[in-house]
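Student: Protein chains in written order, with my numbering: chain X, 1 to 115; chain D, 1001 to 1113.
If you are wondering where the hints come from, they were derived from the structure by calculation, not from laboratory data.
A portion of the hints provided could be inaccurate.
[What the hints assert, rightly or not] Taking lysine to aspartate or glutamate pairs in the DMTMM-like style, the calculated list, with each CA pair at most 20 angstroms apart, reads: (1) Lys41/X x Glu1005/D; (2) Lys1100/D x Glu56/X; (3) Lys1100/D x Glu44/X; (4) Lys36/X x Asp1084/D; (5) Lys40/X x Glu1015/D; (6) Lys40/X x Glu1054/D; (7) Lys40/X x Glu53/X; (8) Lys22/X x Glu56/X.
[Claimed, not checked] Facing chain D, from chain X, some residues (calculated, C-beta under 7 angstroms): (9) Pro42; (10) Gly107; (11) Pro108.
[What the hints assert, rightly or not] With the Cβ distance kept under 7 angstroms, some of the chain X side facing chain D (calculated, not the full set): (12) Lys19; (13) Glu24; (14) Leu43.
Cβ coordinates follow ideal geometry from the N, Cα and C atoms, glycine included.
Residue strings, one per chain:
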Amino acid sequence: ETGVTQTPRHLVMGMTNKKSLKCEQHLGHNAMYWYKQSAKKPLELMFVYNFKEQTENNSVPSRFSPECPNSSHLFLHLHTLQPEDSALYLCASSQPWAQLQETQYFGPGTRLLVL
Amino acid sequence: KNQVEQSPQSLIILEGKNCTLQCNYTVSPFSNLRWYKQDTGRGPVSLTIMTFSENTKSNGRYTATLDADTKQSSLHITASQLSDSASYICVVSVTDSWGKFQFGAGTQVVVTP
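Looking at chain X on its own, in the form it has when it is part of the complex (with noise of 0.2 angstroms):
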């Protein structure tokens, strides 16, 4: 385990549902990060926190609304999914600024299947 958690593991949702990803890290960063990954793509940044403020949204749809409470949760919302939204959304951490050393941990993700 890394440190990371995110729930659920695995959603199905229909076009008109609404839900939300949820991710918790236990290391202490102060960033974290929201992830697309489709198949054989690299993975797609969607947002970024730091220190509870977003600092980055990479022109995503607004369906897609993250939140982050305080540095150790972070959630995204879902609403009019489409089915090209289906992929494994990734959670991680990091701790900015850490110069050389400065690495991301993963959470196991999401698996979204959007009908």
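Based on these hints, arrange chain D on the given structure of chain X.
Tutor: Frame of chain X, contents of chain D only:
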């Protein structure tokens, strides 16, 4: 164009054999290069990390090399085991900017008995 290119895209090897995965990058300047192992349906787990001044780093049967001049890295797996079947991802972090990581698409390795 992705700044981190990995090859091959996939490979199949017999249990007990060795293999080498390649990573070419254009990210410059960079702080470190890391190899991750990602099992199917799981998050990536770090195997090795090398700063720009390091040439090689080992973690058990995994050995990573780095040539910062040619911007190439390799991951060598020795005496492969069935549990080595996974995707291996090369990630480069950008200097002077926290949280900036460039990911390769990964090499899918299948180890057969």
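Student: Look at each hint and say if it fits the structure.
Tutor: Consistency of the hints with the structure:
1. Simply put, Lys41/X and Glu1005/D have alpha-carbon atoms about 11 angstroms apart, close enough for the 20 angstroms limit, and the pair holds.
2. At most 20 angstroms may separate the alpha-carbon atoms for a hinted pair to count; Lys1100/D and Glu56/X meet this at roughly 10 angstroms.
3. For the proposed pair Lys1100/D and Glu44/X, the alpha carbon gap of about 12 angstroms is at most 20 angstroms, so the pair holds.
4. Proposed proximity of Lys36/X and Asp1084/D is contradicted: the alpha carbons are some 24 angstroms apart, above 20 angstroms.
5. The hinted pair formed by Lys40/X and Glu1015/D fails the criterion: a straight-line CA distance of about 24 angstroms is larger than 20 angstroms.
6. Among the hinted pairs, Lys40/X with Glu1054/D is inconsistent with the structure: their alpha-carbon atoms are about 29 angstroms apart, more than 20 angstroms.
7. Of the pairs offered as hints, the one joining Lys40/X and Glu53/X is violated, with about 31 angstroms between alpha carbons and a cut-off of 20 angstroms exceeded.
8. Pair hint Lys22/X plus Glu56/X holds up; C-alpha atoms about 19 angstroms apart against a cutoff of 20 angstroms.
9. With its C-beta approaching chain D no nearer than about 4 angstroms, Pro42/X sits inside the 7 angstroms limit, and its interface hint holds.
10. At about 5 angstroms, the closest approach between the beta carbon of Gly107/X and any beta carbon in chain D falls short of 7 angstroms, and the interface hint on this residue holds.
11. The closest approach between the C-beta of Pro108/X and any C-beta of chain D is roughly 5 angstroms, which is under the 7 angstroms cut-off, so the hint is satisfied.
12. For Lys19/X, the suggested interface contact is broken, since its CB lies about 19 angstroms from the closest CB of chain D, more than 7 angstroms.
13. Evaluation of the Glu24/X hint against chain D yields a violated restraint, the C-beta minimum of about 13 angstroms exceeding 7 angstroms.
14. At a threshold of 7 angstroms, the smallest CB-CB gap from Leu43/X to chain D is about 5 angstroms, leaving the interface hint in force.
Consistency note: the structure conflicts with the earlier hints numbered 4, 5, 6, 7, 12 and 13.
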